[in-house]
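Q: Numbering follows UniProt numbering, with no gaps: position 175 of the sequence shown is 175.
Quick caveat, the hints were computed from the structure, so don't treat them as lab data.
Model, not experiment: these values are computed from the prediction.
For every residue, glycine included, the Cβ atom is placed at its ideal position computed from N, Cα and C.
One should not assume that every hint holds.
As the list claims (entries may be wrong) - Result set (DSSO-like, lysine-lysine): computed pairs, CA atoms no more than 30 Å apart in a straight line:
(1) 98 <-> 156
(2) 168 <-> 99
(3) 156 <-> 184
(4) 98 <-> 184
(5) 156 <-> 99
(6) 99 <-> 184
Stated by the list, open to error - Quick list of the computed label-pair ranges, beta carbon to beta carbon:
(7) 35 <-> 203: 26 to 36 Å
(8) 188 <-> 51: 32 to 42 Å
(9) 201 <-> 55: 20 to 30 Å
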Amino acid sequence: MTWFFVSVAVFMAGHIVPGLLRGAITARIGHTAYIITFSVTSLFLLGWVIYEVRHADFIALWPYEIWQNHVTLTFMLPACILWAAAIIQPCPLSIGRKKGFDPARPGINRLTRHPLLLGMMLWGLGHIVPNGDLVAFMFFGGATVFAIAGFWRMEKIRARHMDVAEYKAILDGTRRFDVAGLAKGALGWRDIGLGILLYVVLLWAHPYVIGVDPSAVIGG
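Produce the entire structure from the sequences given, and follow the hints as far as they go.
A: Encoded structure:
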């Protein structure tokens with residue numbers, strides 16, 4: 001379990017330190033190189049954490065039941081659609097593309113300013129249920145808390161690079177979370193289509209990457 005905590009500490013440092021030094025780093029290597037390097041490093045560190053979760057001592061908190069996997073499968077579809085929206089649509093106050101945002105047509109930002117983080121929250125919550133051991137609970141629960149805290153942190157970071165009028169205009173037409181946004185054009189067919197595709201790809205890749213086949217319980 002020691003290496004799990006080490007991997008988590010390094011993962012957190014890998015996000016906090018680059019954020020604090022972002023200005024100096026981008027000035028030296030450029031914004032694009034920074035994003036690529038940060039993304040690759042984050043994926044590598046996340047893979048390390050997942051490896052340690054899979055190999056940590058098993059300390060049971062609750063028994064496994066097959067219905068629990070259906071919770072994960074259910075939560076992951078909206079998570080994938082939210083991630084797709086974060087790729088396709090601009091999210092000026094969160095992780096994702098900032099350019100091209102129109103306050104008159106906020107899109108996904110009517111539902112949430114943070115589709116990637118909201119999707120991460122659903123991913124964490126959905127995976128807690130069928131993984132009833134201590135390390136998995138800390139990992140997925142921690143990821144959920146990390147995502148929720150990111151709502152406020154990302155807005156604070158983005159606000160540093162905006163004037164007051166621009167920031168206020170974005171806040172006025174967007175929401176951290178408002179389900180009514182679904183009826184106001186928050187999601188388009190491209191978001192849903194790409195989200196379903198991502199969902200299918202994850203189902204296919206999961207047994208090869210993680211070693212667990214979530215689709216095995218479909219119909220079970």
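Q: If a hint holds in the structure, say so; if it does not, say that too.
A: Structure-based check of each hint:
1. Distance restraint check for residue 98 and residue 156: the Cα-Cα separation of roughly 15 Å lies within the 30 Å cut-off, and the hinted pair is therefore satisfied.
2. Annotation: proposed proximity of residue 168 to residue 99 holds, straight-line Cα distance about 17 Å (limit 30 Å).
3. Of the supplied pair hints, the one linking residue 156 and residue 184 holds, its CA atoms being roughly 26 Å apart against a limit of 30 Å.
4. A distance of roughly 21 Å separates the Cα atoms of residue 98 and residue 184; the hinted pair therefore holds under the 30 Å criterion.
5. As the CA atoms of residue 156 and residue 99 are separated by approximately 18 Å, the hinted pair is consistent with the 30 Å bound.
6. Proximity of residue 99 to residue 184 is assessed by CA-CA distance (about 21 Å); at most 30 Å being required, the pair is judged to hold.
7. Residue 35 and residue 203 have their C-beta atoms about 28 Å apart, which keeps the hinted 26 to 36 Å range intact.
8. Remark: the range hint 32 to 42 Å for residue 188 to residue 51 is upheld by a beta-carbon distance near 37 Å.
9. With their beta carbons about 25 Å apart, residue 201 and residue 55 fall inside the hinted range of 20 to 30 Å.
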